[in-house]
Amino acid sequence: MAEQTPPGTRRKTHWSVRLIDRAARVVISVGGLLVIAAVLLVCVFLTIVVLPLFGGSRVGAPRILTVDGFRADPIAVRVDEYVSLAWAIDRDWSVLAFRPDTGEVLERTSPFGGVLPSAGSIDVERTDAIFGYADGSIRQAQFRFVSEILSGEQVPDPLRQLSRGERATLDGRVYESIGGGQVRGQRLDIQLDDPTPAASSAIRLIDEAHVSSGYVIAAFTADGALLTKSVTKRTNLMTGQVTTRLSGAETPIPLPEGAGQPQRLLLTGNGDCVFLIWPDGTTVRIDTRDINRPVIAETIDLAPDPGVEITSAAFLLGRSSLLIGDSTGRVGLWFRTKPDDAGTSDGVRLRLARSFDGDGSPIVALGPASRKRMVSFATASGVVEARFTTNGKRLASVQTPGTTFGSVGITPKGDAIVATSGDQVWIWPFESKHPESSFASIAGKVWYEGYNQPEHIWQSSSGTDDFEEKFGLVPLVFGTIKATVYCMIFGLPVAILAAIYTSEFMPRRARATVKPMIEMMASLPSVVLGFLAAIIFAPFVERVVPATLTAIVLIPIGLVFGSCLWQLLPRSLAIRHARQRPWAMGCTVAAAIGAASILGPVVERLLFAGDIKGWLDGGLGSAAPGWMVLLTPVCVGSGLLVKSRMIHAWARTGDRASSARRTAIVDLMLFVSIVGAGLAAAYAIGSLLAATGLDLRGSVVDTYVQRNALIVGFVMGFAVIPIIYTVAEDALNSVPEHLRAASLGAGATPWQTAWRVIVPTAMSGLFSATMIGFGRAVGETMIVLMAAGNTSILEWNVFNGFRTLSANIAVELPEAVQGSTHYRMLFLAALVLFIMTFVVNTVAEVIRQRFRRRAFQL
Amino acid sequence: MTGDHQAPSGNAARRTRGGRAGLSLLAEGQMMVWLTGGGFVVSLAMIVGLVSLIIVKGSTTFWPQAVTRITLVPGGAVMGEVSRDETYRPREEDVRSMVGDRSEETIRAVAEAGGLARRRMLRTGNFDLSGSHFTWVSQFQVVQEESPEWAIVVERLSWGRFYGEPARFLTDGQVTADSPAEAWRQFEAQHAEGRRAWNRAVHIERHEIGALNRRLEQARLEARKVAIRKGADSPDHASAIAAADRLAAELEPEFRRLESEIQRIRAEQARHVLVLRAADGQEKSFTPPEIVRAYPANQLSLGQKVGIYTSRWREFLLDEPREANSEGGVFPAIFGTVTMTLLMSVAVVPFGILAALYMREYARGGLVISSVRIAVNNLAGVPSIVFGVFGLGFFCYFVGGGIDSLFYKERLPSPTFGTGGVMWAALTLALLTLPVVIVATEESLAAVPRSMREGSYGCGASKWQTIWRIVLPRATPGIMTGAILAMARGAGEVAPLMLVGAVKLAPELPIDGISPFVHPERSFMHLGFHIYDLGFQSQNSEAAKPMVYTTTLLLILIIACLNLAAIWLRARLSRRFRTSQF
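Residue numbers (the numbering used here), protein chains in the order written: chain S, 916 to 1773; chain E, 2 to 583.
Calculated from the structure, these hints are not laboratory results.
You may find that some hints are simply not true.
[Stated by the list, open to error] Quick list of in silico lysine to any residue cross-link-like pairs, SDA-like style, CA-CA up to 20 Å:
1. S/Lys1308 <-> S/Asp1220
2. E/Lys464 <-> S/His1371
3. S/Lys1430 <-> E/Val52
4. E/Lys464 <-> S/Val932
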């Protein structure tokens, strides 16, 4: 490198210096760029994790198999979770086990023997099945896929050559090599109990539910009676024989006029309700919570449009919601809601929650998935669709013109649709990683199972498997905003006022010691604040709610009162003791708090019927006092505004000279009368509002909860005030000194200088301080986690808690499974938080830079 | 600052005082000044109140208190330390259930007192006998109050505290003392020795047996590694398994020897038994090693009280936690916090300086660099939990999972690096505090006068020489300030740590005497997380409260020290500038 030194240079720089210089340039540039890239990586990585949530679904090409000896439209078809083995009950009640990947029939049995069932029902989610006979007897059955893992010596010789993923058939089993020298075998196991007499006449429709205490059976007989029985099984220890005992009732059901015979019977998963469905849509819902006394709860038309027939019906996962397919090609999701005016014996009503439209031709088959809230259906014109029922997301949609499907279903893992048509089995693999999430269900209201209307809900997990996950981010975003708003209502005025005081009215020396003290507040770990909020403040405030409310009103009024008293001091004294003014202010605040603690119980007795929590619950007293408390600061404030704007202006006009002492006395009296008038006005307006039926309870105030927005707002003030304070104070301080000097020199008082010159000049700095404080409040985690109660509710009630995005992440992310929808949703929550704060901070930063430039120009 | 000195003076003042002084009074805007002052007073009161609350509560926790024995109305007695005193509004049915047959007069007395009654919360301990750590005693229930001379406060290994009076002392099942004084004397004589023996047993259990276990585990992992690399059927695998089995057989006698040693120590200590009688007459026996600390609370002299106070602080600072963290010490948490913070600064300082140097000295100005600067500044405002989410997803699962599948296959599916750990926590916090360091460094680089650079260039120095010899030395205090502020921020941050590796209990420290000495993959304890865990996850949060206060005090002290160091450095920096300005 040294050789390249241009000619004419007298002294050559030593090559090592040049080398090191180059190296330093490269290292620093690369390192610096890497660090900046790392910063960007945060945003990029979050986005990468979130993106799959909104990915579409992919449907593969269908695999069409011909199963030997299949007759048209089997009664039931099921596929195991590896899609390696399937069984079907054919129309002649023989049972086929076949391979869904090749169509090869493994075995064909006739477990029912000579006498064939007259009715049957096979559970989608479990292995249970129940059959009814013409002689009134019933038979329980189990159709199970049995897996076994063989390894080492156990593996039969013919299977040793299988490579990983390869399958082979042996002895009625399907084997698949799963690597590591192991093979997994799958076989079908059918257990059929002996028939048990149950009804006095032929069974026409039957269904069975597995409840915590055993099985419950519901059947409809040829006599028009509803059979509701619970099953008890006893095994004889000596003989090993199983005796089945049935107990329950056989109740005649008054059928609707002219409807003919019901076509379907469905029994809910916990056995509390039976649906009898007629082809024209008429449905009788029978309350079977007491199986010995079933009661008709309601009669409802599931297909109210004339001429529409119901073509298929099934339960969604959880066996509570009904999926109804009709002849217009629509699949409706119905579930039981609990309106206040239900008027039914069990207090619930069946409602249509949402419907999925096909292509207009009748639905011919309907198949819910066994582990996810998905449903597949086929229409007469050969359209096959799979939908996620919570948000209606279309997971797969294929067209096979000219094919009419007899049955359709979804594999247990939710990765393929299986449909039969004649002797053919069609299998469409599809992939939809996160069916639970869609823009609409994240940001909009969704009607979840069991709720009375569509709502915004976040509820990500629960104890049961058939739980419907509710991923609505709105309540969390709302909680974040609620926390921020209540925190800013308290923190912003305090911080800005404190900044103005320190910057404008404080001696420089005192400021140098006081400012770091308030700044130290910023370095208090938020976990400490959260702990104090939850363990100290929350229980304390709960005991002194009225005093707290009184103090909030009393402190500013007390300060103004204090200022009037200070004016009364002789001028020489006031000037000499100007430095002691903060102490006087401190005493005033302390006195206001003391007065509040004495007045609190009085206020409670006078305004809130002696029990503020009862009042908040809405049970006691009138609405007027609430309005009064809210309106008092407004009325007094506007009174003071009128005083300073109009009365002072009036005093300034003409030659109304008066001594300082007299002015001070007049001022004090004015102030006292303004407070009195303000209180009276607040009470009058409050009564008026209350008389018109408006009540604060139910909106910004309501039932008191110990960990609430008031506490969080106050404690989060500790986190936000120092930040706003520092930035605001810097902004005020960086207003050029000559402006201040000019204003003071022109005869303005310090207050006039501060208010008319300094604050307007520093306005954008103050705004940016506000935004930075806002950003901090939005992302605060530990305080809200510990002191906000963490229930995700959508109400502004200041006395109730909330759940913020950040607290939600902290609570749920450690338990979320990596890569699951829940995990990605939490990343989405983090991304939302990131974007919210980033936008706010960028706005603040841009404004601050502009402000800095302007301040330089002045 | 100028404020109230604006008053007119001299003759002019005298003239206006009678005339337009009232107007100037109005112009002073005293009311608004007081409102701004109110804001200031409130914020100052908040910080002062909070800090003094923590200091008072935190520093008095360990002071031994007197024990009170209260005989109650319906019979029975409670004994313990008064931990809270308040007035409340008893409900009539509660009074009835509390005082039984004297209810009518009590209700009348309460009504006369305005419906109010005084009640105290006693820390009565004896959880194993009574099922609760605390008891509320209303004043109207009290028959008699006394300070028993021989009330002993026992801090024990399990079940929390015990309050009782010595009844007997037994040696080998024989009663050797049956008066409180004598029993206590004999126990005291035995206690120190008992604790020493117990510590020895714990040492054997944890370190010596632990070392053997580690060797065995190592051999098994080695065998799995061979299986993964060369196949399960390979002869190497068979020999590795054989080696592991051989080692197990070899170590077996050693195991047995150590176990019998522990048994012997335990049996030796079980010979001595101190029987204490609780306030309600129930008796409970203790062997000396079960008792961590015991003292006759009502007989202590000031010196003894100070001794107990310091001994409790020593235990707090140097020992491991007991009783689901609500007793004992926080040494692992201190150690974890310090290790994590140091690791973090090792990561953040060089990179922060690099980025700042690039942005300030090498990058060409323009829109890109100023937008990057805005981005970096704003990163300081991004919520810490977002960094936690990123750390979990990127460091733990993505990078850590990658390391695991490359280098620690034999341990899968249990993760080594693929889960929260002290290194990932440090890196996450490094990212979080990066803006602090960058901004501080940039500012201190900018504060180096242009003239000095130009002088250096003028003397023929290269750019790097100028930076290295002239700029960086002058910027060092500023950079140090930034680094310390970053450490203070990092040490107080909890939310991201909950996601990337801070745990409730981690007795294995991230740095210890076992090779390879530094274990960056281990999860760790953290003071901040300890506070959260004690206050919110603990079963017995009332009993844990004192510990939370002291932990809080400790954390705040650490952070305040770091901040003060930064302030001191800043002051030094500005002094240096003042002297060398030209």
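Would you check the hint for E/Lys464 and S/Val932, treating anything up to 20 Å between C-alpha atoms as holding? Given pair E/Lys464, S/Val932 holds - Cα atoms ~10 Å apart, limit 20 Å.
Hey, S/Lys1308 versus S/Asp1220, does the alpha-carbon distance stay inside 20 Å? violated, 26 Å
Measure nothing beyond the straight line between the CA atoms of E/Lys464 and S/His1371; if it is 20 Å or shorter, mark the hint as holding. Measuring from Cα to Cα gives roughly 60 Å; hence the hint is violated.
Given pair status - E/Val52, S/Lys1430, alpha carbons within 20 Å: Holds, at roughly 16 Å.
Hint compliance for this structure: hints 1, 2 are broken, all remaining hints hold.
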